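Protein chains in written order, with the working numbering: chain A, 1 to 512; chain B, 1 to 642; chain C, 1 to 190; chain D, 1 to 521; chain E, 1 to 105.
For the record, the hints were derived by calculation from the structure and aren't laboratory data.
Predicted model only: the values in this text are computed from it and were never measured.
Using N, Cα and C, we set each Cβ at its ideal position, and we do this for glycine too.
Some hints here could point you the wrong way.
[To be verified] With a cut-off of at most 30 Å between alpha-carbon atoms, the simulated DSS-like pairs for lysine-lysine come out as follows:
1. 77(B) to 450(D)
2. 441(B) to 551(B)
3. 458(B) to 441(B)
4. 450(D) to 59(D)
5. 30(D) to 474(A)
6. 30(D) to 118(B)
7. 77(B) to 30(B)
8. 115(B) to 450(D)
[Stated by the list, open to error] Using C-beta positions, here's what the derived DEER-type ranges look like:
9. 153(C) to 397(A): 51 to 61 Å
10. 94(E) to 215(A): 18 to 28 Å
11. 638(B) to 2(C): 51 to 61 Å
12. 581(B) to 450(D): 53 to 63 Å
13. 211(D) to 581(B): 44 to 54 Å
14. 15(A) to 140(C): 18 to 28 Å
15. 445(B) to 456(D): 45 to 55 Å
16. 364(D) to 505(A): 26 to 36 Å
17. 215(A) to 2(C): 45 to 55 Å
18. 21(A) to 28(C): 52 to 62 Å
19. 71(A) to 604(B): 32 to 42 Å
20. 31(A) to 4(C): 48 to 58 Å
[As the list claims (entries may be wrong)] If we take Cβ atoms under 7 Å as the criterion, some of the chain E residues that face chain C in the derived model are:
21. 5
22. 6
23. 7
24. 18
25. 29
26. 38
27. 42
28. 59
29. 61
30. 67
31. 71
32. 80
33. 101
34. 103
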Amino acid sequence: MTLHLPQQAVEPFSGPDVNWFALSPMIILVSAALFLLVVGALTPRWPKGLYAFVAAGAAGAAGALSMALWDDVTDKGTSTLVGGALAFDTFALFVTITICIGVVLVSLTADDYLVREGLDGPEVYALFLVAATGGIVMGAANDLIVLFVGLETLSLAFYVLAASYRRKAGSSESGMKYFVLGGFSSAFFLYGIALVYGAVGSTNISTMVTTVSSTIPVERNDALVLAGVALLLVGLGFKIAAVPFHVWTPDVYQGAPTPVTAFMASVGKVAAFAALLRVFVVALPFYRDDWRPAIWALAVLSLVVGSFLAVVQTDVKRMLAYSSISHAGFVLVGVEAAAHRAGEEDSGLGVPSVLVYLLAYAVLVAGTFAVVALVARRGDGDTSLDSFRGLGAQRPLLALALTVFLVAQAGVPFTSGFIAKFGVIRAGVDEHSYALAIIAMVSSVVAAFLYLRIMVSAWMSDPPTEGQGATAVKIPLATGFAITAAVLFTLAVGIFPEWLLEAAETTTSFAR
Amino acid sequence: MIDVVWLIPALPLLGFVLILLFGRRLGDPKAGYLATAMVGASFVVAAGVYFDLLSEPAEERSHVVTLFSWLPVGDLKVDMAFLADPLSITMCLFVTGIGALIHLYAVGYMHGDPKFSKFFLYLNLFAFSMLMLVLGENLLVTFLGWEGVGTCSYFLIAFWHARASAATAGKKAFVTNRVGDFGFMLAMFLAFQAVGSISYSVVNHAAEEGSLARSTATAIAALLFLGATGKSAQLPLYFWLPDAMEGPTPVSALIHAATMVTAGVFLMVRMNPVLTQSYDWVPTTIAWIGVITALFAATVAIAQNDIKKVLAYSTVSQLGYMFLAVGSGAYVAAIFHMITHAFFKALLFLGSGSVIHGMHDQQDMRYMGMLRKLMPVTAATFIVGWLAIAGVFPLSGFWSKDEILMFSAAKSPALYVVGLVVALLTAFYMTRQVILVFFGKARWEDQAEEHGAHGDFKPHESPWIMLTPLVVLAGLAAVGGIIQLPDVSWLPESITQKLEHWLEPVIEFGEADVGGTWWSQNKTILMLLASAAAVGGIIVAWLVYEKDRIKINEPTILANAWYYDKAVSDFMGGPGRESFDGAAWFDAHVVDGAVNGVGRGVREVATGMRRSQTGYVRNYAGIIGIGVVLLLVWFVLIRGIL
Amino acid sequence: MDLVVFVVASGMVLAGALGVVVYRHPVHAALSLVLTLFGVAVHFVSLEAHFLAAVQVIVYAGAIVVLFLFVIMLLGVDTAEDLRVERLPIQRPLAAVMGAGIVGLLVAAIISTRDTAPLAMGTGLDVPGGPIAEGTTAGHDANIRQLADNLFSDNVFVFELTSVLLIVAVAGTVILTRRERRGSQDGTTS
Amino acid sequence: MHEPAAGFPILTALILVPVFGALATAVASKRRPEIVKLIGLLASVFTGALSIWMLVQFKTDEAGFQFVSRHTWIEEWGISWHVGVDGISLLLVVLTGVLFPLAILGTDAHHDDKPYLAWLLLLEAGVMGSFLSLDLFLFFIFFEIVLVPMYFLIGGWGYDNRRYAALKFFLFTMFGSAFMLVAIVSTAFLARDHGVGRVTFDLVELAEHASFPATTGRWLFFGFAIAFAVKVPIFPLHTWLPDAHTQAPTAGSVILAGVMLKLGTYGLLRFGLYLFPEAARWSRPLFLTLAVIGITYGAIVATMQKDLKRLVAYSSIAHLGFIVLGIFAVTNQAITGSVLQMVNHGLSTGALFLLVGWIYERRHTRDIAQLNGIQSVAPMFAAGFMVVMLSSIGVPGLNGFVGEYLILIGSFLSARWWVVVAAAGVILAALYLLWAYQRVFHGEPDEDNKSFPEITFREGAVLLAFIAMIVFSGVYPKPLIDRVEPSVDLLLAHVEARTGEPVATPDVVADGERDHEEEGG
Amino acid sequence: MIAEITPTPTWYLILAAFVFGIGAVGVLVRRNPLVIFMCIELMLNAVNLSFVALSVRIGDIGGQTAVFFVLVVAAAEVVVGLGIIVSILRRRPGATADDLAELKG
C-alpha cells in the first residue's frame, strides 16, 4: 500500500498483521457498497428490488459470517485486529449481527418505499451498507480515533440519507439540522478524544487501559481527562439521543424518509450504544465513579422527557422519535448497571442486557417504521395519527403486526420488548439501582400511553370516509416479508429468549 | 319424633320449592292450600315433638339435631343444627299454628290476585325462615332465619311493588332491620372470640358458670338488644313497622304482629343467661326502652285513622311490653305475652283485613262505622280481640299483661306506673278503633258516592275461609291465658304457671326471683289496678267516640308519630343524602380528579417542555451547549477540581 | 522569538475566529476563517509539526475555504446578515452562558492540570536534526517519516476507513445533486 | 410438598387450551360466524370441563401444591414454567373455567365475533396462568398479559366512552405492575444473599428459604402491594374500575369483576402474605384501614350512582374491601372467608353484570332514571336479579354471606374495631342495591319499559347456572371450605413460623381476667 | 526577558479552548448555514491545535496522526455538508437556518 524507503530507517517497516477473515463482514459490506455504486452507476436501472436484494444479501452474508466468527472468539478468546485498531470479541460480533439484521430489514422495507417515491437507486443502499460498516467499526473500535472515523462514516451517511428526499421540505430540513448539530457535537467528541489523549497518552483503548491500570493510584488532578470524558459523553449522548442532547431526534426522525428513520433508529442507535459501552465501560472504567452519575442523570432525563413529550405528539414518526429517546433512557439503565462493574472481571448483567435490548429494539423499530411507511402512503406525507384510523378494519394483519410491535415496545410480556426491559431492570436491580429501575418502569407506563394511542387509532376508530385514508394501503411482498420476520422474531424472543440471553451472556469479556 | 325436628322448617321449605316449580300450574287457590297444608303439617310435627318432650324429665328436654356441618373453619364450627327445647318448640307451635291459620285466611284474602301463588311462595319461605330462627341451635342458624324473615318481610311488604309506597316501605324495613343485624353480627363475633363458639349451649353455659366475663356478656347483650330493636321495632328503630302495613293484611298479621317482630324478644329470652350475666344497666335499659316504646306507640296509636296503622302502633307498643318483661327478668311473662299477643293481634289484623276486604280496600276508619251490622262474625271476633288486648278479665291479654306489670313493679315502680298508663292508653285507642269501625254512624255511604267506584257500594262479610281463622283465633285470644295463670290463692295450683314450669329449663338462670316481694304477694291488687286502667280507658273512649260526651282533639303531633319518622326521613333525605352525594362528588372530582389530574399534569408539563423544541437549529445547539456546560461542571468542577 | 511568534499567530487565530463570528458578510467570514487557518498552521510550525502545517494550508485554506467561497458564489447567498437583530430571544444569553461555560471550564481544567504529568509519555517526537534512536540524527523529514510510520502501522485501519468515509462523500453528493427521476404527482413537495 | 405431576399436565392444558382455542377462532372463516362462535364456546367449555375435572381429582386433605408441573424455561434467569394449584387457587381456577363459557354463552359480541372470542380466550389463558403460576416471573407475565386482551375487549367492544376507560385501565394497572416488576427482580436478587443462595424466581423456594431483613422485606412487599392494590382495587387507587366496568362489554365486565379483580387479592395472599409474612403483618393497620374505607366508601358512592352498571362497579370496590380485610386480618376464618368471597363475588357480581348487560341490550340504557317497573313486565327477569342481588347483599343461605361472614368473624379476632366499621358497611350494601332495585324494577312501568322482554331461554339457562352455584355454595359451603382450609392452615403456619407471632384465635378457655387482654384486638 | 519565555503546550491548549468556544458561540448566533458551518470548522481547528499541542507535550506522534484524520473527516464533512446546503438553498434561495423550522414540537 505504500513504499517504504529504508535509507534512514532504523528498522524495516512492517505493517500490522491482518486477520482478513475477522474483517470479512466489513469487507463484504464495503465491497457490496462499492459494487452497487460502481456497477449501479454504469448500468441501466436494475429491476425493482434488485438493489435492495444485493444490500440485504450482503448484510445477511456479513451477519452470517459474524455468526461463524462467533465460535472463533468463544474458542480462542478475544484479540485485537489490525494493530490494535479493532477489538475482536463477541461484543463486537453481537453488534455486527444486530446491525446486519437491521440492514436486512430496512433494506427490504426501503425498496418498496423508494420505488413508490421515485427515489430508487443504488446509492441509497450503498450508503446503508457504508453506514452499517461505520456502525460496526464503532462497535468494534479499539481506538478512539477509529471510533471517531467510524462514527463520522455513519453520521455523514445519515446526514445524506436524511436529506435525500429532496422533494420533501422536511427531508432537507432534517438533513440540515442533523448535519449542523451532528457536526457541532462531533467537534465536542473530538475535543474529548484530544483531552483524553493528552491526559492518558494514547487513543488506543488497550494502551489506555494498560496505562491507567498500571499506574499506582495516587491523588492526582484528573480535571483534564475528566473534561475529556465529559465531552466524549456529549458526542455519544448526541448519537444515542439522550436528553439534553436529543434535540435533533424528533425533527430528524419526522423529516427523514421513513426507511431512513428506521435505519437511524435501529442501526444508528445500536452503533451509538456500542460505542458508548466501548468508550466508557471498556476504555474508561477507572473513572466509572465519575461518569456513572452522569449516565444516571442522562437516563432519568431521557426516560422522563422522552415519554412525556411522546404523549403530546400527533405525528406518529415524531411520537416514535420521542419514544426512541425514552428507549435510550432504558438502555442507559443497563449502561448504568454496567458502570457499576466496569473493568471488573465479572462485569455483571449490564452489558448483556444492553445488547439484548438493542437487538430487540432494532427489530421492533424497523418493523414499526415499515408499517408507518406503508400507512403513510404516496408522498410519505401522512404520518399523522389519523392516517392509522381504520387500519384494523382494512388491513387486520398489518394492524396486528403493528400492534405486536407497539405492545412489545410498551414492554408487554411474550414479546422481545418485555425480555429486553426485564433484562435491563434486572441488571439495574442487581446493582441496587432501585430508584432508576422504578423511574424507568413508571416512565414506561407513560410511554405506553402513546403506543395505546396509535393502537386506538388503528383498531378503535372508524376509517375516514374520504381522502387518502379511505383506501386501504397496499402491502408489498418484500415489506410484508420483513414485517412478518420482525413479528416472528419479536414473539420468538418473547417466548423463547434463552438462546439470545445465552449469546448475550458471553459478551462480557472485552478484547483490550 | 324429636329426630325429625328438622321437618318443622323443612316442610314449609318443601312448600316453597313446590310452589316455585309448580306454583303457576297450581294457581289460585290450590297453591294456597298447598302452602297451608305444609305449615299445618309443620304444626303437627311440632306438636309431636312437643309431646315427646313432655314425656321426658324436665332437665332432659333439650335436644340437638344436627343436619350437616355448615361453616367449619378452624375453631369456628357452625353446624346446620336445630335445638329442640321447650322454648323453641313453644315458638314453633304458635308460629306454625297461627301461621297455618293465617295461610288459610290468606287463601281467601288473596283470592283473585294475579300473583296469588307468588304470595304463598313468599309466605312459605317466611314460615321456613321463622322456624329456622326459632329452632336454630346456634346464633348463626338463627341469624339465617333472622335475615330470611327480614328478606321475606321485604318481599311481602313490597308485594304490590307497582305502588311506590309499598316498594319504599319494603326497602325501609329491610335496611332498618340491617341496622339491627349489625348488632346481632357483632354480638356473634364477640361470643365467638370469647368462648370460641356461637352455639347457644356453649355461650349460655359459659355465662351461667361465669366463665364469660361480665364485660363481654354486657357487650354481647347490648349488641343483641340492638339487633332486637331492629327486628322487633323498638325505639329508635321502630319506624319501619307502621310503614310495613303496605303489605297485604295477612302479612301484617303473620309477620308484623304475631311472629317475626317477636324474634327480638325470643332472642333475648334465648340468651337470657348472657343478659343476666351482664352488668345491670343492660336489662334496665332494655326495660326502659321497652316501656318508653310502649308509651310512645300507644300515644301515637290514639291519633291514627288508618285501621292497620292503629294496629301497627299497637304492635309496637305491645312489643315494648315484652321488652319491659325481658328487661325486668320476666322471661316467662315475655313469652307468655308474646303468645297471647300473637293470638289477639293476629286476630285483630285478620279482622281488620276482613274489614278492608269487605270495604273494598278502604282502610281509613273515618269512612267506616256500624260495620257490625254487615259483618257480624268479623265484628264479634274483633271485639274479642279488643277486649283481650285491652286487658279485660279473663281474656288472655289480661293475664299476660298483668304478669309483666308485676315483674316491672318488682324491678322499679316507675316502670310499673308507665306500664299502667300504657295499659290505659291501649284500652283507649282500641276502644276508639272498635267504635269507629263497628259502631257509630255508617260513614262509608258518603265515601262510596264520592268515589263512585261501585254503583251500589256495600260492605260485605268475608267468606268462610277467612272467617274460620278468625273464629279460632278469637277462641284462643279468649282462653289463651290458661297457659300461665298466676299463682294466686283464688286459683287452684294445678292450673297455674303451666308455661313457667314448661320453660323452666331454659329460663331458670335468668328469671328474676320476685317471690318474696310485696308485689308478688299482692298480685290480686295489681290485677285490680290493671283492670281499672283497662276499664277506665274503655269508658273514656266510649264517652269520647260513641257518646260524644267529651270532645278531644287528636293532636297532630300524635298523628305524625311525634314527627320521629319524619325527622329520620328528613335526615336521610337531607343531610344524609347530601353527605352521600358529597362522597360521590369526592370520588368523581377529587379521587378521580387526581388521577385525571396526573394525566393532565403530564400533558401540561409535556406541552411546556414541547415549547423548548422550537424547530430552530440554533436553539437546539444552545440546548446541547447547556448540556455540555452542565456535564463539564459535573466532571471538571465537581469531580475534577473540587 | 517563540513568544513573538506565538503572540502574533495567536492574534491571527483569535482575530480570524472572531471575524468568522462577527462579520456580517459570509465572504468576509470565509476570509477570516482563512486567517485563522493560517494562524493555526503557523502554530503547527512552531510546534514542529511541519507536515500538518503544510496539509493545513493546502487542505483547509486551499480546498475547504475555496469550496466555501465557491458555494457562496454558486448560490449567491452573499447577502449580509444583520447581527444586531436576534429573532430568537434567549439565543444570545444561551450563547453567552455556553461560551463562557465551555471556555471557562476547559481553561480551568487545562490550567489546573498544567503541572500534572500525563499518565504515560510517548516515545518522543522526531524533529529535524533532533536525536532519534541509536544515536542517529533525524533528517529534515523526520516529522513526516515518523508520522508515516505511525500512520501505516498502528493507524492503517483508520487510514483505510477514511476511504470508506470518502465513499460516503461521493455517494452522498450523487444522491444530493442528481436529477429527480420522476416529478412528484402527489405527496408533499416544497 | 412437590410431588412430580404424573401423567397429563392438566394445569398446562388449562392455560394452553384457550390459547389454541383463540388461534382456532382466529383462523376460522370470517364468513361463518356461527362456526367461530362454536369454536370459541367449545374451547371455553372444554377448559371449564378440565378445571372441573381437576377439582374432582384434587386431594382434599392435602395442603400443598398439587398437579405441579415444572420445566426450566429461561435458565439464565432462573425462571421456570412452574405451575401448581392448592386450595387457595383451586376455586379461583375453577371459577375462571366456569365463568368464561357462561360469559361467552350469555353475551353477544354484536360485531367482529372472531377477534372478540380470540381475545376472550387469550384473556382466559392469561387469567389461568396468573392463578396457576408458582414462579414470580411467570406470574408477572401472565398478570401483565391479561391487560392486552382486556384492553382490546373494552376498547373494541365497549360503550361510548370505551377508549378512555380502556386506556385508564391499561395505564393504571401497568403503573402498578411497574413497581411489582422491580420488586420481583429485587426479591430474586436479594433473596440470593438472604438465604436462597442463587437467583431464582421460584415462589416456593423464595418463600421457604428467603429471610429478608425487615426493612428490605417491607420495601419489596410494597412493590408487590401497589400492583395488587391497583388491581383489587384498594381505595384510593380504584377509579379505573368504575370506568372500565361501565364501558366494557358485558362479557368483559363479567370477567373483569368475576376473576380479574381477584388477581389482586389472590396476589396479596400468595405474593404478599406468603412471600413477605413479616411485612404483610407489619402493614396490617394500613391495609385494614384502606379495606374498611373501601367497604364503606364504595358502598356510599355506589348509592349515589345514576348508572346501574357503575353502581355494581362501585359495589365491587366494597366487596373487594371485605376480601382485603380478611387477608390482612390473618386468621384462619378470615382468610378462608376471603378465598370463598373471591369466588362468591365472582359469581354474584358476574351475574349482576350479566343481568345489567341484558337490561342494556333490551333498553339501550343503563340509566337508572330511565328504567322502572320492570318487575311488572318481566317478573322472571326480576326474580333472577333479586336472587343475585340478595347474594350480593349477603343474605344468609346464599353464597355472598358465607364469605362475608367468615371474613368478619375471623377478622374480629384480630382487628375488632375495623370489623365494627366493616359490619356497618353491610347495612349500606342493602341500601344501595335495594334502592337501585326499587327504582329499576318496582313501580309502574312507563311507555318505554312496557315492552321490556322477559328473560330468554338462553339467558335463563346461564342465569340458572349462576343461581345454582350461588345457592349451593351458600347452603352447603363445606366442600369448598374443606378444600380451601388446609392450604390456609399451611399458609398461616408459615406466617406464624416466619413472624414468630401467633395467629389470633378465639379465647376458647375463658377466665375472669381475660377482658383486659383482649382489648388489643 | 520576555522574549525568553517559551510558550508551553498549555498556552496552545488555552488558545485552542478559546477558539473552540468562539466557534461554538458562532454556531449559536449565526443564521447563515454556511457561516454556521465555518464555525464548526473553527471548532475542529481548535481541536487540531489541541491535538498537536498535546502530542508535543507527551512526545507522542499519535496526536498528529489524529489531526491528519481529522483533516480528512473535515473535508468529507464539508463535501457532504455543502452538498446538503446547496440542495436546500437551490430550492429556497437565501434561506437561513432560522427559516428551516417547519419541524418542531
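Right, here's what the structure says about each hint:
For the hint pairing residue 77(B) with residue 450(D), the CA-to-CA distance comes to about 50 Å; that exceeds 30 Å, so the pair is violated. Taking the CA atoms of residue 441(B) and residue 551(B), the gap is about 17 Å. The hint holds against a cut of 30 Å. This hinted pair checks out: residue 458(B) and residue 441(B) have alpha carbons roughly 14 Å apart, not beyond 30 Å. Straight-line distance between C-alpha atoms of residue 450(D) and residue 59(D) comes to about 52 Å, which puts the hinted pair past the 30 Å bound.
The suggested pairing of residue 30(D) with residue 474(A) holds, with an alpha-carbon distance near 21 Å, which does not exceed 30 Å. Between residue 30(D) and residue 118(B) the alpha-carbon distance is near 47 Å, which puts this suggested pair outside the 30 Å criterion. Between the alpha carbons of residue 77(B) and residue 30(B) the distance comes to roughly 42 Å, so the proposed pair goes past 30 Å and is violated. As the CA atoms of residue 115(B) and residue 450(D) are separated by approximately 18 Å, the hinted pair is consistent with the 30 Å bound.
Distance hint check for residue 153(C) and residue 397(A): the Cβ-Cβ separation is about 56 Å, which falls inside the suggested range of 51 to 61 Å. For residue 94(E) and residue 215(A), the hinted distance range of 18 to 28 Å is not satisfied, since their beta carbons lie about 56 Å from each other. The hinted range of 51 to 61 Å is not satisfied by residue 638(B) and residue 2(C), whose Cβ atoms lie roughly 36 Å apart. The hinted window of 53 to 63 Å between residue 581(B) and residue 450(D) is violated, with their beta carbons roughly 31 Å apart.
A hinted range of 44 to 54 Å for the beta carbons of residue 211(D) and residue 581(B) is consistent with their spacing of about 50 Å. Our hint of 18 to 28 Å for residue 15(A) and residue 140(C) holds, since their Cβ atoms are close to 25 Å apart. At roughly 52 Å, the beta-carbon separation of residue 445(B) and residue 456(D) lies within the given 45 to 55 Å, and the hint holds. Restraint check, residue 364(D) to residue 505(A): a C-beta distance of roughly 58 Å breaks the suggested window 26 to 36 Å.
Between residue 215(A) and residue 2(C) the beta carbon distance is about 32 Å. The supplied range of 45 to 55 Å is therefore violated. The given range of 52 to 62 Å is respected by residue 21(A) and residue 28(C), whose C-beta atoms sit roughly 55 Å from each other. For the hinted restraint 32 to 42 Å between residue 71(A) and residue 604(B), the CB-CB distance of approximately 55 Å leaves it violated. One distance hint, 48 to 58 Å for the beta-carbon pair residue 31(A) and residue 4(C), holds here, with the actual separation near 54 Å.
Satisfaction of the interface hint for residue 5(E) is found here, the shortest Cβ-Cβ separation to chain C being roughly 5 Å, below the 7 Å cut-off. A distance limit of 7 Å between C-beta atoms decides the matter here; for residue 6(E) the minimum to chain C is near 5 Å, and the interface restraint holds. Contact between residue 7(E) and chain C, as hinted, is supported at the beta carbon level, the nearest pair being about 4 Å apart and thus within 7 Å. Against a cut-off of 7 Å between C-beta atoms, the interface hint on residue 18(E) holds, since the closest Cβ of chain C lies about 6 Å away.
Given hint, residue 29(E) at the interface with chain C, holds; its Cβ is 5 Å from that chain's nearest Cβ, closer than 7 Å. The restraint placing residue 38(E) at the interface with chain C holds, with a minimum CB-CB distance near 5 Å, inside the 7 Å limit. For the restraint placing residue 42(E) at the interface with chain C, the shortest Cβ-Cβ distance is roughly 5 Å, inside the 7 Å limit, so the hint holds. At about 4 Å, the closest approach between the beta carbon of residue 59(E) and any beta carbon in chain C falls short of 7 Å, and the interface hint on this residue holds.
Checking residue 61(E) against chain C by beta carbon gives a least distance of about 5 Å; that is within 7 Å, so the hint holds. With a least beta-carbon distance of about 5 Å to chain C, the hint placing residue 67(E) at the interface is held under the 7 Å criterion. A hinted interface residue such as residue 71(E) counts as satisfied when its beta carbon comes closer than 7 Å to some beta carbon of chain C; here the least separation is about 5 Å, so the hint holds. Below 7 Å, beta-carbon pairs count as interface contacts, and residue 80(E) has one with chain C at about 5 Å; its hint therefore holds.
Checking residue 101(E) against chain C by beta carbon gives a least distance of about 10 Å; that is not within 7 Å, so the hint is violated. Given hint, residue 103(E) at the interface with chain C, is violated; its Cβ is 12 Å from that chain's nearest Cβ, farther than 7 Å.
Comparing the model with each numbered hint stated earlier shows that hints 1, 4, 6, 7, 10, 11, 12, 16, 17, 19, 33, 34 do not hold.
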